[in-house]
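Colleague: So you can see what is in the structure, the chains are spelled out below.
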Amino acid sequence: MKSESTSRVLLQGNEAVVMGALAAGCRFFAGYPITPASEISELLSLRLPEVGGTFIQMEDEIASMGAVIGASLAGVKSMTATSGPGFSLMQENLGYACVAEVPCVIVNVMRGGPSTGLPTSPSQGDVQMARWGTHGDHPIIVLATSSVSDCFSITIRAFNLSEKYRVPVIILSDEVVAHTRESVALPGPDEIRVVDRIAPSVPPEWYKPYGTNNRGVPDMAAMGSGYRHHVTGLIHDEKGFPTQNPKEIDQFQRRLHEKISKGFGEIQVIKSIMMEDAEVCVIAYGSVARSALRAIKEARNQGIKAGLLQLITLFPFPRKAVDSVLRQCRVAIVPEMNMGQICREVARVNQTGTRIVKHNRVDGQLITPEEILKYLVKV
Amino acid sequence: MREEAEIIRQEYLRHDKKFPHVWCPGCGIGIVMGALLRAIHNLGLSKDEVVLASGIGCSGRMPTYVDFNTLHTTHGRSLTFATGVKLAKPELNVISVMGDGDATAIGGNHFIHAARRNLDITAIIINNSTYGMTGGQYSPTTPYGSKSTTSVYGHVEHAFSIAELAVTAGASFVGRGTVYHASHLDKLIGQAIQKRGFSVVEVISNCHVQHGRRNKLGGAVEMMQSFKENAVTIGKAAKMSPDEMADKFTIGVLTDIDKPISTDEYRRIAQKAQRKADQVARTKVKNGVKRYEE
Ligand SMILES: Cc1ncc(C[n+]2csc(CCOP(=O)(O)OP(=O)(O)O)c2C)c(N)n1
Ligand code: SF4
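Residue numbers (the numbering used here), protein chains in the order written: chain A, 37 to 415; chain B, 1426 to 1719.
Treat the hints as calculated values from the structure; they're not laboratory data. Everything numeric in this text was worked out from a predicted model, so none of it was measured. Wrong hints could be hidden among the right ones.
Claimed, not checked - Straight-line Cα separation of at most 16 angstroms, EDC-like style, residue types lysine to aspartate or glutamate; simulated pairs:
id: 1; chain 1: A; residue 1: K244; chain 2: B; residue 2: D1672
id: 2; chain 1: B; residue 1: K1442; chain 2: A; residue 2: E241
id: 3; chain 1: B; residue 1: K1661; chain 2: B; residue 2: E1647
id: 4; chain 1: B; residue 1: K1661; chain 2: B; residue 2: D1672
id: 5; chain 1: B; residue 1: K1472; chain 2: A; residue 2: D273
id: 6; chain 1: B; residue 1: K1442; chain 2: A; residue 2: E137
Stated by the list, open to error - A short list of chain A residues far from chain B (calculated; beta carbon distances all over 12 angstroms):
id: 7; residue: Q48
id: 8; residue: M310
id: 9; residue: Y411
Backbone N, C-alpha and C fix where the C-beta goes; we use that ideal spot for every residue, glycine too.
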């Protein structure tokens, strides 16, 4: 991967998110200050005007999400960043982005909850909320970052997926990833693949803003580009107008899900580390995956055949990859900074009766490699 | 007059949309829609450059029927979406139509901040004193003592004056009209769209079905008659005593001021930042560093 244009820089996770966003073509940000996500706003308020983009601090997170959707509909790649309390407020308009199929990226730098919770402590408490936070039966893409370099590459991936599938993509970071400073190798601009939404090629009078095609993702016309059409949060027909017709409703709802399931292969990203001959494995994501990596290396030193399955994509849940490690291993350890939000997904996939061991920390402290190692040794 | 109506019907209504519309016969919202279309027509705006956003409610359905870039958002949030559109594409004419509950209850915070921010957006608020769509519950503009489906014993709270609220919050242009004074309304909306800065038109409208009926205000005709009788021009009102104005309200232009528009201000700052950044980048490129943003 390394090439001449690769450069090494010392960055914080939140800064890497900003760099990734700009590299992916993000030119609009609306947000509301909140710890531990504020650096993303601050840095973008500095950088966006420099590149011809727009930054705005809105009156709250509901408004931020609304503005992000408006800007995206006008043809500009958009994002917002927040933490738990703000993420709660965003759910209403997040659902709008799902139903109106508006590409956008939402970064949730997780902190301890519920409510105001633990503003400066890491947590993974918002995993199921990212999946199901907005009402209604909706598909969504959720990605998790575990390191500063992840913050860069996953943010680019988030934009690319949101543009390609016309969906909001949620990035779950956490307080530790956001504020850790690391020296990272960034790829050069020419090594970065940027995906843009597909604009219609038919004449405006033929354009169906929610028409079906073999991708399941309708072409998207920006407001003001001559393709006047209607956008609504009501369930709509191919023309975008509200419908009560059961057949049209059913078609629409199924297409929303199918466009994502058609892309599983590309959307579901995992990292498999030392899994080839593993007998016990750790399934982890976010900053916990880093502790897990240290733990399996140490376990290997002690002669234990341990491996790590790191989940980059949390939703759609990478069932296939998880199923295959569960079939391979005797025991799977699932450490999380919550009471088991991904563990329940793992358990649902478990068809072979593999022993699943939960390890949960909800005291605002990180899960250490030693804690995970203890389990690896015990089992 | 007839001819103009036909041109507007042909030119601005969506003929591929399955009419009839959702509104009750006699509802004032249709009159506001007519006034808006005439204003846009008279200003000669291109349909491609008009964005009509709305929230949720009977008023929120307006964009469905008209041939612009239309955006039916979530309840109360119309102005937030409109803000994003305007900032992303400042060359578009962005208009947001809202109900009284939409704009001043659930969307109240967005409304005052949009006025304070002074983006070049036009807000039209159809004030029918109730939550029409959900069945006539009390709204922030339901008069004290009025009956509604959630104030069956008479309303114990006091109403907002939307136009005055907009003035205080900092809007550049604020007008109030009624659905009875239709040609006055055409003019007010035209002025508001033309005004550079955040402009507000409050339109006093009739929901005879939910509000009128419960308060013995009669049907659409009687309610319009009362708008005719109770509306006083701002000039005239200045010469009337508070007692004389007791059951009346003012119509006309409440404020029309010029102040910096944040869209313009932002562009100015952005150009400065861009020039500076380009300079830095040029030196960096000279030194062999590549940029991501290109
Ligand atoms: C978040 C949310 N809460 C409640 C509703 C239900 N709702 C739909 S329309 C409406 C009130 C509309 O009243 P108003 O804004 O005055 O508009 P009108 O129908 O009178 O034109 C309400 C409460 C909703 N759609 N969304
Ligand atoms: S309920 Fe009231 S506001 Fe709604 S369409 Fe009927 S008359 Fe108009």
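Colleague: For every hint, state whether the structure bears it out.
Modeller: Against the structure, the hints:
Distance check on the hinted pair: K244(A) and D1672(B) sit about 50 angstroms apart at the alpha-carbon level, beyond 16 angstroms; violated. Using a Cα cut-off of 16 angstroms, the hinted pair K1442(B) and E241(A) holds, with the two alpha carbons roughly 13 angstroms apart. This hinted pair does not check out: K1661(B) and E1647(B) have alpha carbons roughly 24 angstroms apart, beyond 16 angstroms. Pair hint K1661(B) plus D1672(B) holds up; C-alpha atoms about 15 angstroms apart against a cutoff of 16 angstroms.
The suggested pairing of K1472(B) with D273(A) is violated, with an alpha-carbon distance near 22 angstroms, which exceeds 16 angstroms. Restraint check: the Cα-Cα separation between K1442(B) and E137(A) comes to about 21 angstroms, which exceeds 16 angstroms; the hinted pair is violated. Taking the minimum C-beta to C-beta distance to chain B, about 17 angstroms, the non-interface status of Q48(A) holds against the 12 angstroms cut. With a least CB separation of 33 angstroms from chain B, M310(A) remains clear of the 12 angstroms interface cut-off, as annotated.
With a least beta-carbon separation of about 41 angstroms from chain B, Y411(A) lies farther than 12 angstroms from that chain, consistent with its non-interface assignment.
Figure legend: structure checked against the earlier numbered hints; hints not met, in rising order: 1, 3, 5 and 6.
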